[in-house]
Amino acid sequence: MTTEETAAPIVPDMGADYSDRKIAFVCSKGSLDMAYPALVMASGALEQGIETHIFFTFWGMDMINKKTMGNLHFSPVGNPATHMPAALAPLPGMQAIATKQMKAKLEELKIPDVPSFLEHLSDMGCHLWACKMSVDMFDLEEDDMTDLLDGVLNVSDFMDLIDGAQTMLI
Amino acid sequence: MPVTTIADKQVHVDEEGFLTEFDEWDKDLAQALATNIGIDDLTDEHWKVIEFLRSDYQEQGETATLRRVSTVGGIPTKTLFQLFPKKPARKMSYISGLQKPAGCI
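Same order as they appear, the protein sequences are chains A and B.
Okay, so the first sequence: first residue is 1 according to the working numbering, each after it adds one.
Okay, so the second sequence: first residue is 1001 according to the working numbering, each after it adds one.
FYI, nobody ran anything at the bench for these hints, they're computed from the structure.
Careful, some of the hints might be misleading.
What the hints assert, rightly or not - In silico lysine-lysine, BS3-like type, Cα no more than 25 Å apart, as pairs:
no., chain 1, residue 1, chain 2, residue 2
1, A, K22, B, K1086
2, A, K110, B, K1078
3, A, K66, B, K1078
4, A, K22, B, K1078
5, A, K103, A, K132
6, B, K1048, A, K110
7, A, K22, B, K1100
8, B, K1009, A, K110
9, A, K110, B, K1086
10, A, K105, A, K66
11, A, K105, B, K1100
12, B, K1086, B, K1100
As the list claims (entries may be wrong) - Over 12 Å on every C-beta distance to chain A, these chain B residues come out as not near it, computed from the model:
no., residue
13, V1003
14, T1004
15, E1021
16, D1023
17, W1025
18, D1026
19, K1027
20, D1028
21, Q1031
22, K1048
23, E1051
24, R1054
25, S1055
26, T1071
27, F1084
Ideal Cβ positions, reconstructed from N, Cα and C, are used throughout, including at glycine.
Next comes chain B alone, as it looks inside the complex:
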């Protein structure tokens, strides 16, 4: 796995750049990751999604899909598209330091 430097921190990523080590992520890194993909300011609403994704990953062992974030996490799909425009599933996973969702829906 490649190692890359983000916000002066060395992290393990896959070939696309998604973090592969759950514990290498922290809140400061999240903001740097967000900036990397054009989200300059993480709001409380963004954090709600990130916190759900991180805790759901710990329980389930895989990244929640958009539908799971809406049905289980209680954050409407429309909101996810506003917070993480165009490619919400990939963007929210990246910022949360997780792999992109494996599920189709």
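Chain A extracted, bound-state conformation:
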């Protein structure tokens, strides 16, 4: 009797059903170009089944403030990466032009605006938290912030929450 050896099929590794991998982003900036890195990375993490938290603090509150979240700006001032002559960057209207260009490019790539992006993340199971001190500092009420928030946390509760998480400050 002969035995025929067959190679096992090549199947992608989809990971274990349970993983304790956890990631947290602290968003402390309210400009358009500083909002997207966390949003995109959070989306990638969620897509890979990783528990994901975003904590909004200081100017990052603009990303969840109903009044500002749909209208973040990008400023070329003090940003050498724009390759714009430093003297031109502060000219009147330059921020509006730079913002418009960045938004147009994002739209062309079908990347959602900040409010829709947060909704997308929330649908994927992302946890969104507002910083208690920032809420007090900017005199915000619950109604002023997106309904997608999981809650308002002080920093010690946030520390408990991210126990074991990879954490990034943006």
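Fit chain B to the known structure of chain A by using the hints.
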């Protein structure tokens, strides 16, 4: 490209195991692929996603991202996570015989 045998059929796959030839896929293979990654029964809802991905690929030449499946395909993101738990983008592409999405969102 490696060749692997799934449901008695020889198919071309990349190093991870995603099918590389659009025409080597058929519905029977889809069920076998699904079983390989722990989805034992493909429901009508699964098929709706698979059919969208296959036809969108033919039009666009690339695998739709989760967001595209929800905004263009009309299947809510939450549903995708229920149908293809944990790693929906990879799982739905694999079962549909496509490469995993290249886009970030």
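*Output the numbers, in ascending order, of every earlier hint that fails for this structure.*
Hints 5, 8, 13, 14, 26, 27 not satisfied by this model.
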